[in-house]
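Here the sequence shown stands for residues -20 to -1, 1 to 435, numbered as in mature numbering (1 follows the signal peptide of the UniProt record, and there is no 0).
Among the hints, a few may not be true.
As the list claims (entries may be wrong) - Cut-off 25 Å, straight-line C-alpha distance, at most; resulting in silico cross-link-like pairs (DSS-like, lysine-lysine):
1. Lys184 - Lys368
2. Lys202 - Lys184
3. Lys424 - Lys403
4. Lys164 - Lys202
5. Lys433 - Lys403
6. Lys368 - Lys433
7. Lys184 - Lys164
8. Lys424 - Lys202
9. Lys139 - Lys164
10. Lys368 - Lys424
11. Lys403 - Lys368
If you're looking for bench data, these hints aren't it; they were derived computationally from the structure.
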Amino acid sequence: MKRSVSHVAMALALTLGVTAVGGVSAPAYAQKKQERESSLEISEAFQPHAIAIQESVNGTADNPELKAASDQAMTALNNTLSADDDAVRAAAQSQLEAARARVDQLMGGVTAKMAAARPTITTPDDRLFFGQMELNVGQKMADFSMQNSGINQMIDSGKLPAEELPRYHYFAGQTAFNAQDYAKARTSLQQAVDGGYTESNAEKLLVDAYFRDDMTAEGLTKLRSMIDARQAAGQPVPEGWAFDGLAASVNQGQTAQAYDWGLLTLQTDSRQQARNQAYKIVEVYTPNFSDEEQLDLLRLMARDNGITDNRQALAYIELMQPLRRPGEAKTFTDSSTQLPTGNSMVTEAARVGADRYDQTLRELNADAASATGNGALAVADTYLGYGKAAEAEAMYRKALETGAADTAKAQMGLGIALADQGKMAEAKQAFGEITGGNRASLAKAWIAYADMKAG
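From just these sequences and the hints, can you work out the full model?
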C-alpha cells in the first residue's frame, strides 16, 4: 500500500524546551556574600573601586524607582525577544536601552564604575567580589550577558566550593543561552552535566543550545546519547525529550531518523498529543512495512486513540480487508469518529461488517478445532478483529505450536490478544520475543503501550 505525507512536517512545529526569560536567581552561596566579604582579601588597587561599586549596589537595594526601572527593562527584553516584526523589535530594543540607562543612573553610574574596576582585578578575592557585583547589576538591568560575565568571574576566581561548581556552570550556561550565545552556553552546560548537575532540565537545555544554533544533527546525537544513558541505567526519560528529537528530525526532512524518534516518543511519552503526532510520523515513514505489518501498527493506533484523521481511518479499512475480517470492520465503522461521510469505502466496509459478521463468526468457531499452522494463524487473526481476545490467544498459541510460517506475525498477534485481555506482563513477554525484521521495532511500540496501560 502506498503511503504519502504532505503537511506532516509543517504540522509538527519544532518544540524546544522553552527557557523562561528572566534573571538568574543568585545561588545560595552568592546570597551569603555579606558573610564572606568580611574575610575577603581585596587588593589595594581594587579596593576603592570595590567600595564604589558596593555603594551603588547596596545603596539602592530598597529603591522603588530602581525596582520599577528594572521591571521595565525585563518587560522590554521579553518584548524584544518575542517580537516577530522588525519595527516592533526595534521599538522594544529602544525601550530596553532606555530602561537600562535609567537603572544605571539610579545606581550612580555603576557600569562606568565596573568598567574602571575591571583592569584592577588581580587577586581571586577581587574576581569573586567583582563577579558578585556584576551578577547583581546584570539582574537589575535584565542583561544576560552581564549576568553571564559575573557568574564566570566567580567561577574563574577559584573561590567557589568544588561541590557548587556544577550548579554555577549551569547558571553560566543558562545566562549564555538566554543571551543567545549558544556556543558559550554549550560549553558551560556540558561542564554542568559532566559535573553531575541534572536539575532544572540542564541536559535538555544543552541539547536546545545545539538546536537553536542550527546544529540539529549534533543536537540529535547528544539527545539520543542522553536518552540511551538513562534507559541503560533504568531511569525514566523525561517526557518531551524524544518528541523534540522527532520534531527536529521531521523539520530537517530526515525520514529514517524521524521514524526512529517517533518510536522512541511512543516508548517514553504518555502525553496523548505527542503520541498522536508520533503515530502520524511512524505510520507514514514506516520502512518498507508489508500490509500485514502496517495493519498491526494501525491496530495499535486504534487502541491508543491514535487514528486522528480520515486518511489513517481509510488506510485501516483498506488494510483490514473487511471481507476477511468483518468483525474488525464492524467494530471500527461503528465506533470511529474519523470516518469521512459519504465515502464508498466506508459504506462498503460497514455493509460487509453487518452482513457477514454472524456468518463468519460461525465459520471461525467451526474451523478452530481442526485448524493448524497457517490456518490456525488466520483463524486467530480474525478472532482478534471480533474482540474475542481469549479465543485469539488460544489460536495464536496453536499456530506457533503447529508450524505457522510467519512466526513474527503470530507472536505479535499473541501479544495483542494478551494486551486486549489486560495481561500486560505476558503481552510484553510475547512482544519481547520478536527480535528481527520490521516487527521488532513495532513490538517496542506495543510494549510501551502495554506499559502505559499497566500503569
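**Prompt:** Out of the numbered hints, which ones does the structure contradict?
**Reply:** 1
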